[in-house]
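My request is simple: use the sequences and hints to build the entire structure.
Take the sequence shown: its position 247, counted from the start at 1, is 247 in the working numbering, and no numbers get skipped.
Quick caveat, the hints were computed from the structure, so don't treat them as lab data.
Note that the coordinates shown come from a computational prediction; the quantities given were computed from them, not determined experimentally.
Please note that a few of the clues may not be correct.
Simulated crosslink set (SDA-like; lysine to any residue; CA at most 25 Å straight-line) [what the hints assert, rightly or not]:
hint : residue 1 : residue 2
1    : K59       : E75
2    : K108      : E75
3    : K57       : N67
4    : K224      : N172
5    : K69       : I132
6    : K280      : L259
7    : K201      : A152
8    : K224      : R171
9    : K224      : T137
10   : K57       : F237
11   : K224      : D51
12   : K201      : L89
13   : K108      : H215
14   : K201      : G134
15   : K59       : R28
16   : K201      : T11
17   : K224      : C282
18   : K69       : T115
19   : K108      : R213
20   : K59       : N23
21   : K69       : V38
22   : K280      : L256
23   : K201      : K224
24   : K201      : Q230
25   : K224      : N208
26   : K201      : L227
27   : K57       : L106
28   : K224      : L259
29   : K224      : G134
30   : K108      : S122
31   : K201      : F237
32   : K280      : A263
33   : K108      : I132
34   : K280      : Q230
35   : K69       : R171
36   : K224      : R274
37   : K69       : S120
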Amino acid sequence: MNQASSDISQTSVSVIIPAFNANATIDRALASVAAQTVMPQEIIVIDDGSDDGTVDKAKAWESRFSNSKLIIHVENHNGPGATRNRGLLAATSEYVAFLDADDEWLPKKLERSLTALIESDSNILSHNYTIISGDQTNLVDCFASYQKSGNAFAGYFLRGYIATSTVVAQRNLLIDAGGFDPGLPSGQDYEFWMVVIDSPKARYQMLNESLARYHVTPNSISSKIELRRQCALAIAFRHAYRLRDRCRFPTWVLMLRILIIHAQAAIGHISRSRFIEAIKMCGYTIIALFSMMRKFSTSAAPRPQHLHIGHDGHK
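Written out as structure tokens, the structure is:
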């Protein structure tokens with residue numbers, strides 16, 4: 001056994017799976033964890049107030065994890081940000097890995113991620129993934145987006161190339177960053193990873209391998225175009241101040257981000273034959289660009305420690 005393999009075997013990982021009405025997909029997600037070549041210490045399923053039998057489906061897996069502990073928490077419906085925070089608070093391992101209940105991992109996901117973290121002395125890692133929508137399967141080359149800019153933070157601000165189901169990170173780094181913002185109905189993960197990689201403690205690594213499959217479902221948050229646009233714009237304005245110390249031309253980066261947000265929304269509407277809504281994006285873009293300088297000049301407000309505020313009384 002080489003040094004890296006020895007280090008992996010001694011590294012504890014908690015898998016955090018937020019689930020809401022995931023009866024149809026939770027088996028697939030848990031099966032992909034059970035198939036890992038390196039098993040986690042614990043798998044924490046946080047049920048977000050499901051009413052479709054998700055909890056019973058998850059409990060049926062308790063006997064199938066002989067060397068890992070399956071823990072199931074049942075919460076009131078608080079949304080994905082609060083649910084992931086509950087899992088982060090419940091985790092007891094040095095590292096945490098996130099897996100959405102409608103996604104799945106390839107068998108070597110944890111092995112390859114932990115090896116890369118140890119070998120590069122990093123404390124947060126993500127990787128490529130495959131997106132599956134109906135009969136269509138496409139590789140999402142996050143590594144290419146990561147490499148497009150010599151500035152990892154500015155590149156992430158523009159393109160949001162970290163998918164949550166690909167992340168493995170030291171738990172303490174995420175605790176210190178304050179957790180996911182439960183007040184955001186969309187983009188909580190994009191906002192949080194921006195905060196994390198902007199931390200002076202972060203040592204971020206992107207792995208050029210596809211180790212997860214992301215399944216698009218009709219009710220997924222990614223299908224709600226206008227909600228995504230509004231939240232993405234709010235996040236861009238909220239964190240634009242971080243660009244001042246991270247790149248040479250922060251105004252141009254923010255402007256380009258605004259254009260990308262509205263272009264993506266327009267493309268989404270066109271794909272659904274909503275041509276009037278797509279045309280409206282031109283007007284929304286102009287309004288956002290006029291608002292840009294006022295927002296950019298606003299002083300940064302301290303980000304709340306979301307892990308210390310109420311999740312049904314949990315601290």
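Cross-check of the supplied hints:
| no. | hint | in the structure |
| --- | --- | --- |
| 1 | K59 to E75 | holds (15 Å) |
| 2 | K108 to E75 | violated (31 Å) |
| 3 | K57 to N67 | holds (20 Å) |
| 4 | K224 to N172 | violated (32 Å) |
| 5 | K69 to I132 | violated (29 Å) |
| 6 | K280 to L259 | holds (13 Å) |
| 7 | K201 to A152 | holds (15 Å) |
| 8 | K224 to R171 | violated (30 Å) |
| 9 | K224 to T137 | holds (21 Å) |
| 10 | K57 to F237 | violated (41 Å) |
| 11 | K224 to D51 | holds (22 Å) |
| 12 | K201 to L89 | holds (20 Å) |
| 13 | K108 to H215 | holds (19 Å) |
| 14 | K201 to G134 | violated (40 Å) |
| 15 | K59 to R28 | holds (14 Å) |
| 16 | K201 to T11 | holds (20 Å) |
| 17 | K224 to C282 | holds (19 Å) |
| 18 | K69 to T115 | holds (22 Å) |
| 19 | K108 to R213 | holds (13 Å) |
| 20 | K59 to N23 | holds (12 Å) |
| 21 | K69 to V38 | holds (14 Å) |
| 22 | K280 to L256 | holds (18 Å) |
| 23 | K201 to K224 | violated (34 Å) |
| 24 | K201 to Q230 | violated (30 Å) |
| 25 | K224 to N208 | violated (29 Å) |
| 26 | K201 to L227 | violated (32 Å) |
| 27 | K57 to L106 | holds (21 Å) |
| 28 | K224 to L259 | holds (18 Å) |
| 29 | K224 to G134 | holds (17 Å) |
| 30 | K108 to S122 | holds (19 Å) |
| 31 | K201 to F237 | holds (24 Å) |
| 32 | K280 to A263 | holds (11 Å) |
| 33 | K108 to I132 | holds (19 Å) |
| 34 | K280 to Q230 | holds (14 Å) |
| 35 | K69 to R171 | holds (18 Å) |
| 36 | K224 to R274 | holds (13 Å) |
| 37 | K69 to S120 | violated (29 Å) |
Hint compliance for this structure: hints 2, 4, 5, 8, 10, 14, 23, 24, 25, 26 and 37 are broken, all remaining hints hold.
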